[in-house]
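Using the sequences and the hints, build the whole thing.
As you go down the protein sequences, you meet chains A and B in turn. Under this note's numbering, residues 1 to 100 are what the first sequence spells out, in order. Under this note's numbering, residues 1 to 563 are what the second sequence spells out, in order.
It should be emphasised that the hints constitute simulated quantities derived from the structure, not laboratory data.
Not the full set, but computed from the structure, chain A residues with beta-carbon under 10 Å of chain B:
#1 Asp54
#2 Met60
#3 Leu63
#4 Ala89
#5 Ile90
#6 Asn92
#7 Lys95
#8 Leu96
A short list of chain A residues far from chain B (calculated; beta carbon distances all over 10 Å):
#9 Ser8
#10 Gly11
#11 Glu32
#12 Asn72
#13 Lys85
Using N, Cα and C, we set each Cβ at its ideal position, and we do this for glycine too.
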Amino acid sequence: MAVSSTDSDNGNKVSIIIKGRFDFNDHTDFRESYRQYPANAAYTLDMKDADYMDSSALGMLLLLREHAGGDNASIEVVGCKPEIKKILAIANFQKLFEIK
Amino acid sequence: MKIFVVEDEDTNALILKKILEDKSHEVHFAYNGAQAVAQIDTINPDLILMDILMPVIDGYQATKLIKEKMGERFVPIIFITSMDGDEALISCLENGGDDYISKPFNKHVLYAKISAMERIRTLHNTIRDQKQHLQELNNYNRKEQIIAEKIFKKVMSKGELDSPVIDSFHQPADTFNGDIVMSVNSPYGGMNFLVGDFTGHGLAAALCSMPVVQIFYVMSYKGYGIQDIIKEINRKTIQFLPKGRFFAACILNIDVKNHKLKLWNGGMPDAYFLNEDLGIREKLISNKVPLGIVDNDQLDTTLNIYEIHQNDRLFIYSDGLVEAHNEKDEMYGQSRLEDVIHSCHKSESLVSEVKSNLDQFIQNKPFQDDVTMLEIRCDFEKFNTQKDGVVAIPRTGDWELSLRLDSNKIQTTEPIPIMIAVLNEMQEFRNHRETLFTIVTEMYSNSLEHGLLKLDSNIKKTAEGFAKYYQLREEGLQKLEKGFIKIRFRHGLHANGGTLYISMEDSGDGFDVERAVKDMGVNKYHHGRGLAILQTLCNEVSHNAKGNEVHTVFEWTNLQTEH
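This is the structure:
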């Protein structure tokens, strides 16, 4: 599966792992990966095995942000490859997410 | 079931009648193939039992003719034969039959075969009905699409994409496009442009683009600045876009009179700002969050401001261009695009060069995403050439109008479009609207920038200073705590036009009027431009001695329509 998630600290820390292409086909899996966790959890999006993301994936990140409390969301995006970093930078998502 | 028995031997016919009627089937008879073909439409049976050897037309021939007549309808035909086994089956199928029954009849075999055929027939009819239903839906959908497309095209064609300074390309991945490209003349004597991309494509994306197009068109036409337009588009997209969808856009204004480019890029790929020889002056990178994501109070609407020179070029495109894939699954990419820019000659259209290079690259592979390109050539002479020719103007009386804007109003409103709207209510200026707009704008900018904000035009002497100036203006405006601008319009109508007197007074310290006028002759490109424009457009320009009051007189005449 391209999207999976694990949690620690009684579900207060959630790690979502993306592998391969991250695009619209992952829509359902991605949503399922965080739905069970509370809004105030600290989310980490592990992108080190993701090769590509498109604009619908950007939209999915926004949905996660919405789920995690919008402006109060705590979401880190880690391990991005340069191509993915570029896509995130074009949309200026560093203003909405913590990109490391 | 309605069963049609085609049999020339009475005995066989009677036996079949008995067997079939025992199971309550409705039985009809024909005594040769010709009769069967003639009656088939009137009887319209569910199943046919067909003898093979018959006078006039035999069973095989009759079957062929009946199947032709039935077309899409499935009426199973069971041959009555004295043969048995493989041979019977093969000859039955070869001659268009669906099954066979051998003489003498075993009624249980016949019942079984009839009910098997009934099952196939039901299945066939269901499929046929569904197919027809789908066909109808598809036709309906296609019709709707055609109408929607027509409306969409009309809405989208509101911009002036046929302007001589523009070259554009628009290739939708579907019939409908999630990309928008627009250009609209602004009454300030410049043009506003928008190249945008809704996430996704097809109908949903196209639907979203409609209100954006309307906002951009109407607000530009009315003379609102692009910051206000950006805010309004953002407000609207947040309202109607589902969460997770957004609108990436590059929105810009080219001010022909002041040779100024104002640009906002949220989520579109690097646009190119090129000089006359297509050297890259600047990559206009996206430094904002796309529209439809954060509320207006968090939205960064600061503009990047550049000075433009005659024949500079701008090239803006959607990500569908750089992300186009060929059959080897390679991406077109930005470096190929830059290669084309480097090799393009200044007489050539960049859009057509990139287009042919892209075609070569992707060969016959269909576009996966919408591809949009816009090229703007800053040939100032050719920018929005005003359309002359105006019909009779309703006469109104002479009128006067004055307003006073305090610092708070100056900060929070954009007074010029409001003033122009009011002026137009008072008097139909028609084709003088643009000139009037410029005059009012220049006067207002002078009062605000030099009077209230005390900015020094000399800063604008260098390209860096140019941007700096507008940054200072923005900062000054935010910090503005006191001061006012008083504006007075007085209009007098005469036989073939009228005279408009405009005065503006600001609470500033004024300036050395004599020196400014003298400077103007020396260097009219970098500063004091506002004054030069006023002198060109107005019949009279004068200041009070202190320099905090300016008076202009604008005479206008009612032009006749020329054909």
